[in-house]
Amino acid sequence: MTELRVMRETLPPPPEERRHLISVRDLGRDDVERLLATAASFERSLEREVKKLPTLRGRTVVNVFYESSTRTSSSFELAAKRLSADTMSIKAAGSAVDKGESLKDTALTLSAYDPDVIVIRHPQIGAPHLVARVTQARIVNAGDGKHQHPTQALLDLYTMQRATGRLEGLHVAIVGDVLHSRVARSLIQALELVGARTTLVGPPALLPRGMEAMGCELRTDVEAVADADVVYVLRMQRERMQAGANYVPSLREYTARWGITPERVRPGQLVMHPGPMNRGVEIDGRVADAAESLILEQVRSGLVVRMAVLYDLLTTGPAPVPAAAAMEEVA
Amino acid sequence: MLHAKSKRRENVVVRGARVLDPAAGVDEVMDVRVDCGVIAQLGTGLDTNEHHVVEAEGLVLAPAFVDPHVHLRAPGREDEETIASGTAAAAAGGYCAILAMPNTEPVVDSAAVLGSLVDAARAEAEVPAGFLASITKAQEGEELAELGELADAGAVGFSDDGRPVTSAGLMRRALQYASVTGRRLALHCEEQTLSRSGQMHEGAVSAELGFAGYPSVAESLMVERDLALAAYEGQPLHLLHLSAAESVAALRAARDAGVEATAEVTPHHLCLTDEAVRSLDPNVKMNPPLRSAADRAALLDALRDGTIGAIATDHAPHAREEKEVPFEAAPFGVTGLETAFAALYTHLVEPGLLPLETLLERLSAGPARAYGLEPPRIRVGAAANLVLLDLGATWRVEESGFRSRSANSWLLGETLTGAVRLTVADGRLAYAA
Chain A
1 MTELRVMRET LPPPPEERRH LISVRDLGRD DVERLLATAA SFERSLEREV KKLPTLRGRT
61 VVNVFYESST RTSSSFELAA KRLSADTMSI KAAGSAVDKG ESLKDTALTL SAYDPDVIVI
121 RHPQIGAPHL VARVTQARIV NAGDGKHQHP TQALLDLYTM QRATGRLEGL HVAIVGDVLH
181 SRVARSLIQA LELVGARTTL VGPPALLPRG MEAMGCELRT DVEAVADADV VYVLRMQRER
241 MQAGANYVPS LREYTARWGI TPERVRPGQL VMHPGPMNRG VEIDGRVADA AESLILEQVR
301 SGLVVRMAVL YDLLTTGPAP VPAAAAMEEV A
Chain B
1 MLHAKSKRRE NVVVRGARVL DPAAGVDEVM DVRVDCGVIA QLGTGLDTNE HHVVEAEGLV
61 LAPAFVDPHV HLRAPGREDE ETIASGTAAA AAGGYCAILA MPNTEPVVDS AAVLGSLVDA
121 ARAEAEVPAG FLASITKAQE GEELAELGEL ADAGAVGFSD DGRPVTSAGL MRRALQYASV
181 TGRRLALHCE EQTLSRSGQM HEGAVSAELG FAGYPSVAES LMVERDLALA AYEGQPLHLL
241 HLSAAESVAA LRAARDAGVE ATAEVTPHHL CLTDEAVRSL DPNVKMNPPL RSAADRAALL
301 DALRDGTIGA IATDHAPHAR EEKEVPFEAA PFGVTGLETA FAALYTHLVE PGLLPLETLL
361 ERLSAGPARA YGLEPPRIRV GAAANLVLLD LGATWRVEES GFRSRSANSW LLGETLTGAV
421 RLTVADGRLA YAA
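Here the protein sequences come in this chain order: A and B.
Using the working numbering, the letters of the first sequence correspond one by one to residues 1 to 331.
Using the working numbering, the letters of the second sequence correspond one by one to residues 1 to 433.
Some hints could be false.
[What the hints assert, rightly or not] Partner residues are not named here, just some residues of chain A that face chain B (Cβ under 10 Å, in silico): (1) Lys99; (2) Gly126; (3) Ala127; (4) His129; (5) Val134; (6) Asp144; (7) Gly145; (8) Gln148; (9) Val178; (10) Arg182; (11) Leu207; (12) Met214; (13) Val248; (14) Leu251; (15) Thr255.
I should point out that these hints are in silico values taken from the structure, not numbers from a laboratory.
Don't be surprised by glycine CBs; every beta carbon is placed ideally from N, CA and C.
Hey, can you work out the whole structure from these sequences and the hints?
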């Protein structure tokens with residue numbers, strides 16, 4: 001009871017209107033701070049024996065995943081369930097998508113059930129925008145091609161804040177295949193929003209031209225990670241390294257020059273990775289398993305941050321049941 | 001070389017318009033009388049001769065426009081456009097002539113296919129249409145098409161538009177052989193090993209959005225190659241839809257060195273930059289892509305000084321379902337025939353970036369000259385190719401307003417200034433609002 005009152009009183013008021021979370025660009029600094037604070041209060045609520053909150057009872061959250069995903073889809077599903085929303089998850093394989101249905105028609109079909117939120121992951125940039133155009137639901141982008149993955153960026157900020165106690169002035173080195181990484185794009189924007197400093201480190205062909213305009217420094221020498229508070233290792237996407245692409249001569253050579261090994265991190269330097277990892281390629285197993293690794297923390301943060309995102313999107317519009325009141329009802 | 005359905009040649013008097021033919025040095029308020037499709041008299045207080053009278057006070061009467069780059073989609077994709085719908089769209093946009101690109105299904109690479117298009121144009125074209133034939137068989141870049149026979153069958157020029165001629169050796173042979181046909185090569189310049197899988201201009205916006213980039217150098221490298229070959233062979237060429245500052249610089253240098261090179265630019269490259277792609281609207285996806293503000297400025301400079309002499313819409317209709325997909329999955333191309341003048345008037349003339357006279361010249365005489373066609377003129381004895389423009393009118397671009405079968409316009413929902421009131425094409429009334 002006390003806990004829940006605190007939550008209501010300390011949270012900043014939600015914004016007037018925010019229908020989607022498609023890009024980190026949809027957020028201002030206060031939005032990020034509010035979402036992280038909401039996630040923190042959910043984390044406290046999850047320490048209780050009964051973990052389910054009635055906050056989003058009667059709401060419907062649909063997850064549509066056109067790409068394989070373990071952690072993102074499971075954490076969205078669990079987040080919706082913990083908030084008592086009705087939820088269903090649709091995977092492209094085995095659905096009408098296999099029969100050639102267009103994204104527009106799938107979106108229209110799902111919207112016939114009046115979902116409050118559609119969470120979508122899709123291999124093509126712009127897919128969530130299309131779904132937003134043709135449905136009335138609030139859209140959460142769970143990854144669109146190489147573009148954005150905003151909830152990953154939020155959970156990464158949440159993890160960093162918990163581990164270091166600050167975000168302002170934090171220095172993060174993002175290492176690896178930035179070119180193909182929606183995680184990197186979202187995180188760079190989120191870090192800039194909260195006043196952190198970002199250095200991108202990797203082979204020249206995997207650091208896109210023009211990226212410096214996003215306010216980060218580009219370095220091709222792995223020694224550049226030494227100054228950072230956090231070393232954020234990106235997945236080396238093996239499917240991108242097909243013969244003929246020539247981003248780097250070989251994965252072996254990538255690992256030799258840019259792999260994050262115990263020798264390349266200083267004691268106390270925090271290490272993160274969005275998963276799934278290629279141990280022995282971009283990250284040495286000893287680094288991944290070390291005490292300074294926040295990789296499992298990131299997974300845990302994913303749940304409460306996604307709860308916060310769903311809560312935030314659904315309590316800013318006309319909510320039939322005021323969220324905080326609903327929580328008190330349970331308490 | 002241009003073909004349209006036969007219609008009655010008009011007897012008309014356009015009264016009291018500001019008659020503006022920049023290439024002829026005409027700019028005064030007067031009447032224009034057309035007898036049997038030919039401009040018969042210019043002056044004030046003309047006898048109407050019982051002709052149909054168009055009261056045009058406050059309007060501008062100019063030589064009608066010529067679009068050197070249209071995709072009519074026939075044969076093969078008549079769901080997207082036909083000769084009838086595309087030429088009706090052209091008429092509504094103020095065009096008295098258009099040239100269609102040969103990247104159809106099948107490709108226009110034989111006299112038989114070309115002949116069927118000529119026949120179709122004679123049956124259904126609302127304004128005269130000409131056809132380019134491909135440079136290489138099936139536009140595959142392997143073997144020359146039969147350029148001589150195609151020229152004899154009425155090809156206005158040759159182009160593999162939509163793709164480059166990748167082999168420099170074949171490009172050279174094409175330049176050599178085109179010279180005996182008296183027709184020009186029109187080149188789509190793209191080094192595909194640099195642009196492959198590119199979705200938009202490579203720069204800060206593509207880096208942020210995550211799109212594979214299609215860098216400027218992918219265009220300019222091929223522009224430089226083709227200009228070098230044209231210089232070496234002493235042959236003319238026409239460069240399609242230039243988008244990059246580096247290409248403009250190469251063109252300017254080649255022209256200064258005496259290469260007979262002409263070039264065109266599209267309304268969208270003159271009005272937009274890659275910033276527009278942030279909307280992820282599939283209707284700002286085109287090839288070549290929208291580029292940076294510096295590129296746009298270079299294109300505008302080149303258009304002003306005549307280095308680029310022609311505005312071409314690159315009207316590329318696409319079926320609705322093809323564009324109602326995520327940006328990344330959408331095909332390249334936007335429509336433009338019905339919006340070109342108003343878009344350019346609104347985005348360039350009204351803000352003072354381009355004089356109206358230059359715009360009118362680059363929409364009409366410029367493109368005609370690039371292909372050796374007779375430029376539309378407002379002078380006694382010339383065939384009446386006239387467009388009547390209302391520069392005070394504003395209108396909203398809506399899907400329902402198009403005569404084109406497709407509505408993939410980057411201007412949907414935008415309010416534009418400048419409307420076409422009347423188009424006379426080769427002496428025939430093609431459009432009246």
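Verification of the hints:
1. Lys99: Because about 16 Å separates A/Lys99 from the closest Cβ in chain B, which is outside the 10 Å limit, the hint is violated.
2. Gly126: holds, 4 Å
3. Ala127: Since chain B brings a Cβ to about 4 Å from A/Ala127, closer than 10 Å, the hint holds.
4. His129: Holds - the Cβ of A/His129 comes within 10 Å of chain B, reaching about 5 Å at its closest.
5. Val134: For A/Val134, the interface hint holds, since the closest Cβ of chain B sits about 8 Å away, which is under 10 Å.
6. Asp144: Cβ of A/Asp144 sits 7 Å from chain B, so the hint holds.
7. Gly145: Holds, about 6 Å.
8. Gln148: Holds. Min distance 7 Å.
9. Val178: OK, holds: A/Val178 within 10 Å of chain B, min 9 Å.
10. Arg182: holds, 6 Å
11. Leu207: holds, 9 Å
12. Met214: Hint holds; A/Met214 Cβ to chain B Cβ min 6 Å, cut 10 Å.
13. Val248: violated, 17 Å
14. Leu251: violated, 21 Å
15. Thr255: Since chain B brings no Cβ nearer than about 24 Å to A/Thr255, farther than 10 Å, the hint is violated.
In the structure shown, a violation is registered for the earlier hints numbered 1, 13, 14, 15, in ascending order.
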